[in-house]
Amino acid sequence: MGSLDGSPYVVAPKRKRHLFGRNPLGLLFSAPYLVFVLAVFAYPLGFAIYIAFHDYFFTAPGAVVSRPFVGLQNFIDAFTDPDVIRSFGNVGIFLIINVPLTVVFSLVLASGLNRAVHLKAFYRVAYYIPYLTASVAIVAVWLFLFNGSGLVNQILGPLAPNPSWLVNSSLAMPSIALFVTWKQMGFYILLYLAALQNVPNELYEAAATDGAGAIRKFFSVTVPGVRPATVLVLLVSTVTGANLFTEPYLLTNGGGPNGSSTSPVLLMYQKGIEQGHPDEASAIGVVLVILVLIIAWLQNRFAGGRD
Amino acid sequence: MQRRTRLIGAALVAVSMIGITACSSSGGSGSSNATTAKGPITIWYSNNEQEVAWGKQMVASWNASHPKEQVKGQEIPAGKTSEEVIGASITAGNSPCLVYNTAPSAVGQWVKQGGMVDLSKFSGGAQYIDSRSGSQASQYKDASGDYYQFPWKSNPVMIFYNKDLFAKAGLDPANPKLSTYADFLATSKTLVDSGVAPNAILPAPTSEFFQMSFDFYPLYAAETGGKQLVENGKSTFADTAGYDVANFWRSLYAQNLAGQEAYSGDAFADGKAAMAIVGPWAVSVYKGVNWGSVPVPTKDGTPASKTYTFSDAKNVGMFTACKNQGTAWDVLKYSTSKAQDQKFLEMTGQMPMRTNLSTTYASYFAKNPSYKLFGDQASRTVEVPSGSNTVAEMQAFRDEWSNSVIFGKGTVKSSLDAAATKINKLAAQK
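Protein chains in written order, with the working numbering: chain A, 1 to 307; chain B, 1 to 430.
Just so you know, these hints were derived from the structure itself, not from any lab.
We put the CB at the ideal spot given by N, CA and C, even for glycine.
Warning: the hint list may mix true and false statements.
To be verified - Under 8 Å between C-beta atoms, here's a sample of chain B residues computed to sit facing chain A:
| hint | residue |
| --- | --- |
| 1 | E84 |
| 2 | A126 |
| 3 | Q127 |
| 4 | S207 |
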């Protein structure tokens, strides 16, 4: 037998299959990270799912207790609590304010910093310092600024809100969103600065030749040029925002006023650690993870383009 | 490639399941002769300066005469709260033998976790506790009547007032009118209107579960002659006394006599509030203030000698991770002896939970007359309810309180009724 053109078939040599692929050494090199992912991500996630479907509480080693499978009961208990529903609404408000502000300001500031000639290092450090500083320390400064008799209200005088920012149920969560936006900005600016290095200068020159001004160049060259970084910023700011805990815990003293800044993670802490109901806390966590995954998928779908 | 992905996926699932299986299994309990075992032990005590000093001298004194049963004392490791640290240590199995700072609100959970030793099981255990603390000790028994915590010391909550600010506002600092709700409100209004302080009183208006112990609970205990938040598995506070207490506090907030915003420091010590509602542990913080103290107010002005309040007690817990529980029990008895209690009183100003405290340590109260009232009040204190859902019950109460009392939304009655419904449900759970 031969091929249609008469030439003999060329039989490809049978590839020898290895248990660990063609490059087992690669697996060895990636093993430390794989172990890390298993230990700090896969195992806790699997365990959290297990806890969410059982009547579970933490025990001393050796304690004999029953932890029966309870189906969806923990989810029902959690999501028939109006405080839990409200906390998801609160974090929704947070994300609606925080994520767009983060993307817009960090891109604009990174573009400005990229073109800055003088004091470049100073500005970069200035934006990055809040990100590096512990929230506990910065919260004290914000309390000084935004409490009833704080600096901001003194400057605003009669225009100051009453009740003040952090004890005003309409303003507490927006205040936290602004705080987090400002604190995290340095990190996202760095991401954009790195992305801007990959935008070819020729594109700006070509746009200028075609008569584009600074604003046109920003929207037609910079924004599309850093799209992968924008997707990353969207994802990271959404994930970190959904995990909001420290700020409502410290800035508004446990999700106040009157629960208007309570986040799902703060409730998980209260229910899981303080009140000894990790099963209900895990149910909240599992739903939170699913919602974040949906949002992340939507962001990737609509902001990520075809890349 | 697909095969490798499947392999890695299978490994992930396998490791997760191994972990899950490991976590869901349970072994046997600790050794049965642990309650009589003797040897070295570790204890934790609170990290405030006075209690550290007391703890160190107690440990040194014990160690000097017990070379084979040495005690290692240390401050409770840092964490958000002591309760979190202790809870984590129970799960990890590395709790010390004794902790001299257990909050009664958390003990029920730790018992459920299998982390606490039943002190009633020691020979003469319950008898020793009853003889030291009298009838008050019964508040610290669990549902089955056992002692999983040793009633150690209380900080009966009272009203501290700044004598200088009272005088400045034209009020009599020797006889402040603070015994009835009406008097308290009138005095508060005078203080704020005169501008001596921006707040008459400023209990933390924040959402943490334990804050109810420093606004509602002392006044409720006083108004009811010593009722607990939950009795016989049912909440008690959705009644006239509870509504009266809540309406009193709501008036303070509504008239801007108490602030809705937390103060970062200590408002009383810094002169931002003319009064504080706290126990005698705070005396060392108020060194710079010319203070006086009175019992918490009631609607009709209960005499001081009959007024109840919240205990703000901290107890001693023995943990199942302890290998030498025999020594731990001996140390516990030694550290709560009459002599060590006297040292504790002298060094910290906090009240050992003993019967006849005022007469047992009469010389101390004679030398320190400002503590006399606390010594007397210590015999009429109320504790938080027992059980594994105490913290959840207190949080449910606090959430409703914040809504109607601090922020004035809805009616006090409807919010207290809603809290009572939630708490009844929680109290019914095991």
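The hints, checked one at a time:
no. : hint : in the structure
1   : E84  : 6 Å, holds
2   : A126 : 23 Å, violated
3   : Q127 : 27 Å, violated
4   : S207 : 4 Å, holds
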